[in-house]
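Trainee: Residue numbers (this note's numbering), protein chains in the order written: chain A, 1 to 299; chain B, 1 to 200.
You may find that some hints are simply not true.
As the list claims (entries may be wrong) - Here chain A is said to cover these stretches of chain B; the calculated rule only asks that three of the stretch's residues, wherever they fall, bring their Cβ under 8 Å from a Cβ of chain A:
hint : region
1    : 40-49
2    : 87-93
3    : 119-125
4    : 157-166
5    : 172-181
Said to hold, decoys possible - Distance ranges between label pairs, derived from CB positions:
hint : chain 1 : residue 1 : chain 2 : residue 2 : range
6    : B       : A190      : A       : E13       : 26 to 34 Å
7    : A       : A249      : B       : R103      : 50 to 58 Å
8    : A       : A156      : B       : R103      : 58 to 66 Å
9    : B       : A133      : A       : G10       : 14 to 22 Å
10   : B       : R101      : A       : G10       : 54 to 62 Å
11   : A       : Q245      : B       : D82       : 35 to 43 Å
12   : A       : P264      : B       : S128      : 58 to 66 Å
Just so you know, these hints were derived from the structure itself, not from any lab.
Glycine is no exception: its CB is placed at the ideal position from the N, C-alpha and C atoms.
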Amino acid sequence: VKPPLKPLLGRSEPDGAALDRVWAQVRARERRRRSPVRGAVALAAAVVLLGGGAAAWRQREVALVGTASPAEGLVLTAEPGAVASWRRRDGRVELRVERGQVRVAARTGVACLVTARTLRVEVAAATARFEVGEGELVSVEEGEVVVRSQRVRAGARYATPSTAWRAAAAAGDLAGAWAALGPEGARREAQTGSAEVRTLLADIAAAGEDLPLAVSLLEEVVASAAPAAERAVAAYDLGLRLLEQGRPARAAGSFEEALALGLPATLTPDARARAAESWLKAGDAGRARRWLEAVEQTP
Amino acid sequence: MAQVLPFRASRPEDGDHDDATLVARAREGAEWARAALYRRHAPLTLGLLTRLLASTADAEDAAQDTFVEALRDLASLRVPRDFGHWVRRIAVHQAHRRFRRRRLWAALGFDGTPLDATLDQVADDRLSPEERAELVLVQKALLGLGASERTAWVLRHVEGLELTEVAAALDVSLATAKRRLAVAAAAVKAATGAAQGEPS
């Protein structure tokens, strides 16, 4: 064989499917990289909650292993695998639960301030069980405690929304966030989430290939009373999802709405090009041409 | 936010713009321009990486890293019309990273990457058994070489690049590129008995 060998190696040329796969991965990684704002907010919150607090906490802390009674009438019991520590401060016992289950039994006249990741709960004249996993759970066995302004009585419990998906999303791992959420979780989180959170949830649903859910979440944001800038981004995202679904006429309308609402400058040329592409696919060459002209006129 | 654009091997509208224009538009945030740059350069890049790494999985992985890096660092590209050469240099760098990883894994006693795209495996069906056997020998010789020498030989004798292009892709001087080619050519010659040396 004579060099160059490349003309003899026809089967080393990539096919369209391989190029599609690589492009999909490139775009997914760019998408993760481009959501640093959302990620940074969550990360900053996590640093404040976990990092900043941890430094102060580590002063004179005592690891809780098994059962301890740091004050008369107060019994702390860590379940196997739990990571927790306690300390005395200003005449009071403070307990920090980082992972796993810890039971706190406080007789009348004794109080223990429990920090379970994002929760701070005072246990006095009560017995409560704290569990930190994907979220935080407080189960009251005797008496009552107040969690985030809610009274939780004996036999009741308080659970925070799952935090795992937020951590995964903050790290750019949308597939991981989807694995933690699933469709039910995404719908549940969307009920109380801001427009920005719902847009992020739509991204996550799309990463999980649940396009109908992504579209539904974005439609809600676009139709909401959220600030125009947030609705514009949601409308742009919605256009992309509708295009993926093969609904070009509706996609074109979404891109136009996004432009009308005032997209960030970096997205404007692309939205115009997408509008042109969508109208072309929808068979409206006239509108497509107008948007193409707008693209050409973009400085 | 972003979506995956379906790959189309040729889009006439991409041909309207040269690389310099596409790079300029991509730097401004035009998604279509980034996609167009990918469409234009991905086939060559993925093909090159397949022939370099002899593994389709490694090649796709490296191509992914190559374009993530190239599209992310567009701002640092000094001569926009040289996007293609720049991507090739990044691809070669990514291939070298994978060669290093393979060496490390081998040193740790793990099985190597399955090679499913060796020269003989990706050869056209029209090659004779003798020619295919020769490719097996060439591949064996290449696998015994260091990453730099192997890459130099593949760029020159598989891809058919000019010496100056080989040196640019390896980011070394012309003299260094020639030295590496000479080492590789000697190994291939020893394996095949064919003369594929470089004139000095």
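Trainee: Give a verdict on every hint.
Mentor: Status of each hint after checking the structure:
no.: 1; hint: 40-49; verdict: holds (count 4)
no.: 2; hint: 87-93; verdict: violated (count 0)
no.: 3; hint: 119-125; verdict: holds (count 5)
no.: 4; hint: 157-166; verdict: holds (count 4)
no.: 5; hint: 172-181; verdict: violated (count 0)
no.: 6; hint: A190(B) with E13(A): 26 to 34 Å; verdict: 30 Å, holds
no.: 7; hint: A249(A) with R103(B): 50 to 58 Å; verdict: 55 Å, holds
no.: 8; hint: A156(A) with R103(B): 58 to 66 Å; verdict: 60 Å, holds
no.: 9; hint: A133(B) with G10(A): 14 to 22 Å; verdict: 18 Å, holds
no.: 10; hint: R101(B) with G10(A): 54 to 62 Å; verdict: 28 Å, violated
no.: 11; hint: Q245(A) with D82(B): 35 to 43 Å; verdict: 39 Å, holds
no.: 12; hint: P264(A) with S128(B): 58 to 66 Å; verdict: 60 Å, holds
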